[in-house]
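Could you put the whole structure together from the sequences, leaning on the hints where they help?
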Amino acid sequence: RRDVLVLTPWLAPIVWEGTFNRDILNAQYMQKNLVTGVVTFAVKKYWFFIQGFMSSANKYFLAGHQVNFYLFTDNPEQISHLQMAPENHLFVIPVQNHSHWQDISVSRMDIIRRYIRSQFQYEVDYLYCIDIDVQLFEHIGVEIIDTLVATISPWQYTARRDSKSYETRTESQAAIPKGEGDFYYTESFYGGSVAEVYKLTRACFKGVMEDRENGIEARWHDESHLNRYLLYHKPTRLLSPEYYWDEEL
Amino acid sequence: RRQDVLTITPWLAPIIWEGTFNSEILDSAYRPLNLTIGVTAFAIGKYTRFVGRFLESAEEHFMKGYQVNYYIFTDNPETIPSVQLQPGRRFVIVPIKKYPSWQEISMRRMEAINKHIAETSHQEVDYLFCLDIDMVFYNSWGPETLGDIVAAIHPGYFNVPRSQFPYERRSSSAAYIPDGEGDFYYGGAVFGGLVKKVYEFTRTCHMTILTDKANEIMAAWQEESHLNRHFLSHKPSKVLSPEYLWDDRKPKPPEIHLIRFSTVDKNYKEIRD
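Those sequence lines, one after another, are chains A and B.
The opening residue of the first sequence carries number 1 in the numbering used here; numbering runs sequentially from there.
The opening residue of the second sequence carries number 1 in the numbering used here; numbering runs sequentially from there.
No wet-lab data here; the hints were simulated from the structure.
These numbers were taken from a predicted model, which means no experiment stands behind them.
Backbone N, C-alpha and C fix where the C-beta goes; we use that ideal spot for every residue, glycine too.
Some hints here could point you the wrong way.
[Said to hold, decoys possible] Going by beta-carbon spacing under 7 Å, a handful of chain B positions derived as facing chain A:
id	residue
1	Gln3
2	Leu6
3	Asn22
4	Leu26
[Unchecked claim] Derived DSS-like pairs (lysine-lysine); straight-line CA-CA distance at most 25 Å:
id	chain 1	residue 1	chain 2	residue 2
5	B	Lys197	B	Lys252
6	B	Lys64	A	Lys234
7	A	Lys45	A	Lys59
8	B	Lys250	B	Lys115
9	A	Lys206	A	Lys178
10	B	Lys196	A	Lys32
11	B	Lys213	B	Lys97
12	A	Lys234	B	Lys235
13	B	Lys197	A	Lys234
14	B	Lys196	B	Lys115
15	B	Lys266	B	Lys97
16	B	Lys213	A	Lys32
17	A	Lys32	A	Lys199
18	B	Lys64	B	Lys197
19	B	Lys196	A	Lys234
20	A	Lys234	A	Lys178
21	A	Lys32	A	Lys59
22	A	Lys32	B	Lys235
Below, the structure is given as structure tokens:
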């Protein structure tokens, strides 16, 4: 691929179709016997997306490798029987409802952090946090596995640095100084080693709480905090917008 | 940004060329980690004459601003010159035995490095590079080279079709690579990575070398053949372009913008005696 950037200035690969050979990667991955977790939330009306997400993820997400799906929902009864691939497992975890959708979004960071600490760190090596309102149409494989992985937002891919959606008010913990910023990352698909995701979610939640105490809410909520974190803790691998596309684009 | 060369392997390991990375960003990520980088180099017999220039040029170009330990393996400690080092950088002589032939000396490096890691350097360094001594640094070699398992593309074979790579082609050797297989031809003069990883692969290479010995066969390019076999099945996580392993006797092609580390011109016959 010569038409796109395939390596960041800090030498993290940017994964595009055509840059990798999945067979070679699978051979390397198989040697290591790794387990990957997927965290997703289906709260309030989002239970509607469970079926679509789970059936496509079962088919296309790390097919052939062991995946633990951790489905957080306030509506466990709504989950009809889901057919899981033999190597995959589904864990349904009940959560509380919140009044504002922003609250759901930001307390997600804390929920993930807590569960990593109490459970996930013992069950998986890598963990990915993915929005439930997505469907996979193509295989997503082991090319995503690395220490700290973020996805370039499809909306922001071609935006120049100063028009990106970073939080700029310096009162917010998510603020990114003018002229800075590598890419704009989406909070709909990020992950990495369980240790790195723990650090990330902890830092983001801390930022959110500090903002709340100061009576400020970041422009794009936890996505703003995510972007700030990843500016100062560079991802070791980036996924191109192919990995999180919005049909409306 | 480089569009004239391959900058990432099919297994998503970066290939390091000038223009693919930003040193400032890398330094700001790596310096705070307080790393110590080790370097092994073997100066046996007449090869001690290269130590001075190797070290002086390393002091100027290799991992500037980082803590570095040079481990010079030699059978002749008295002939090693003393070189002035920057603060935070140390020089250690590791006495070893001299083997009768240059091929044997070359192949025993894997065992010596592996043993030394187990006994000493695993406690002293985070990353270890194993370099040939008959070389000089001409330009910066920095944290862009750090990775779990690092190999370098041999300058003689980076533009050449795979069928021409001088892999070991006899199936009776443990270093055998069949026709049609192979990613790159890696040079034996430069390899490295996390000290734990270097320990693992030097041990594997030494084992395959011993297997060949037992079968009375010696691979075409000694330990370099075994290294290539190993890196075919266990891909490096980072690959250095020939900027990091150059041969001054070769004319510089347009893809090479910068020569960082290169051979010293020498009379092989005289020196290997």
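Status of each hint after checking the structure:
For Gln3 of chain B, the interface hint holds, the least distance from its beta-carbon to any beta-carbon of chain A being 5 Å, beneath 7 Å. Evaluation of the Leu6 of chain B hint against chain A yields a violated restraint, the C-beta minimum of about 10 Å exceeding 7 Å. Below 7 Å, beta-carbon pairs count as interface contacts, and Asn22 of chain B has one with chain A at about 4 Å; its hint therefore holds. Interface restraint check for Leu26 of chain B: the shortest CB-CB distance to chain A comes to about 6 Å, inside 7 Å, so the restraint holds.
Distance check on the hinted pair: Lys197 of chain B and Lys252 of chain B sit about 33 Å apart at the alpha-carbon level, beyond 25 Å; violated. Under the criterion of a C-alpha separation no larger than 25 Å, the hint pairing Lys64 of chain B with Lys234 of chain A is consistent with the structure, at around 22 Å. Of the supplied pair hints, the one linking Lys45 of chain A and Lys59 of chain A holds, its CA atoms being roughly 24 Å apart against a limit of 25 Å. Among the hinted pairs, Lys250 of chain B with Lys115 of chain B is inconsistent with the structure: their alpha-carbon atoms are about 35 Å apart, more than 25 Å.
The hinted pair formed by Lys206 of chain A and Lys178 of chain A meets the criterion: a straight-line CA distance of about 22 Å does not exceed 25 Å. Only pairs whose Cα atoms come within 25 Å are accepted, and Lys196 of chain B paired with Lys32 of chain A is accepted, the gap being roughly 16 Å. Restraint check for Lys213 of chain B and Lys97 of chain B: satisfied, since their Cα atoms lie roughly 19 Å apart, inside the 25 Å limit. With a CA separation close to 24 Å, the supplied pair Lys234 of chain A and Lys235 of chain B stays within the 25 Å bound.
This hinted pair checks out: Lys197 of chain B and Lys234 of chain A have alpha carbons roughly 23 Å apart, not beyond 25 Å. Our distance criterion of 25 Å between C-alpha atoms is met by Lys196 of chain B and Lys115 of chain B, whose separation comes to about 12 Å. Of the supplied pair hints, the one linking Lys266 of chain B and Lys97 of chain B holds, its CA atoms being roughly 24 Å apart against a limit of 25 Å. With a C-alpha separation of about 30 Å, the suggested pairing of Lys213 of chain B with Lys32 of chain A is violated against the 25 Å cut-off.
Distance check on the hinted pair: Lys32 of chain A and Lys199 of chain A sit about 24 Å apart at the alpha-carbon level, within 25 Å; holds. Simply put, Lys64 of chain B and Lys197 of chain B have alpha-carbon atoms about 23 Å apart, close enough for the 25 Å limit, and the pair holds. With a C-alpha separation of about 24 Å, the suggested pair Lys196 of chain B and Lys234 of chain A falls inside the 25 Å cut-off, and the hint holds. Proximity of Lys234 of chain A to Lys178 of chain A is assessed by CA-CA distance (about 18 Å); at most 25 Å being required, the pair is judged to hold.
A distance of roughly 22 Å separates the Cα atoms of Lys32 of chain A and Lys59 of chain A; the hinted pair therefore holds under the 25 Å criterion. Annotation: proposed proximity of Lys32 of chain A to Lys235 of chain B holds, straight-line Cα distance about 13 Å (limit 25 Å).
Checked against the numbered hints above, the structure violates hints 2, 5, 8 and 16; every other hint is satisfied.
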